[in-house]
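Numbered according to our numbering, the sequence shown spans residues 1465 to 1516.
Keep in mind the hints are simulated off the structure, nothing from the lab. Don't take every hint at face value.
Derived Cβ-Cβ restraints for the label pairs, each shown as a range [what the hints assert, rightly or not]: (1) E1477 / E1505: 26 to 32 Å; (2) Q1484 / D1504: 38 to 44 Å; (3) I1478 / F1502: 29 to 35 Å; (4) E1506 / M1465: 18 to 24 Å; (5) D1471 / I1500: 20 to 26 Å; (6) V1469 / E1506: 26 to 32 Å; (7) D1503 / I1478: 34 to 40 Å.
Beta carbons: idealized from backbone N, C-alpha and C, even for Gly.
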Amino acid sequence: MITAVLDLQNRPEIAARVSQRQTFDDWFAHSPLVEIVFDDEELRTTPSTPSE
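Construct the complete structure from the given sequences, taking the supplied hints into account.
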């Protein structure tokens, strides 16, 4: 998701307004870490890969 947002910097209508473009490594190095905790027990225990 983050790389998709950073890729927006390359769109002509946005590039004209961006004074300094960021790479993922630059963005990650200067960003706070965030932990997302789900309150719903089902979301915490559901496997991330679909089963067949």
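Evaluated hints:
1. Between E1477 and E1505 the beta carbon distance is about 44 Å. The supplied range of 26 to 32 Å is therefore violated.
2. Separated by about 39 Å at the C-beta atoms, Q1484 and D1504 satisfy the suggested range of 38 to 44 Å.
3. Judged by the Cβ atoms, the range 29 to 35 Å given for I1478 and F1502 holds: they are separated by roughly 32 Å.
4. Checking the proposed 18 to 24 Å range against E1506 and M1465 shows it holds: the Cβ atoms sit about 23 Å from each other.
5. Separated by about 23 Å at the C-beta atoms, D1471 and I1500 satisfy the suggested range of 20 to 26 Å.
6. Between V1469 and E1506 the Cβ separation comes to about 29 Å, which falls inside the hinted range of 26 to 32 Å.
7. Range check, D1503 to I1478: about 35 Å between beta-carbon atoms, so the 34 to 40 Å window is met.
In summary, the structure is inconsistent with hint 1 from the numbered list given earlier, while agreeing with all the others.
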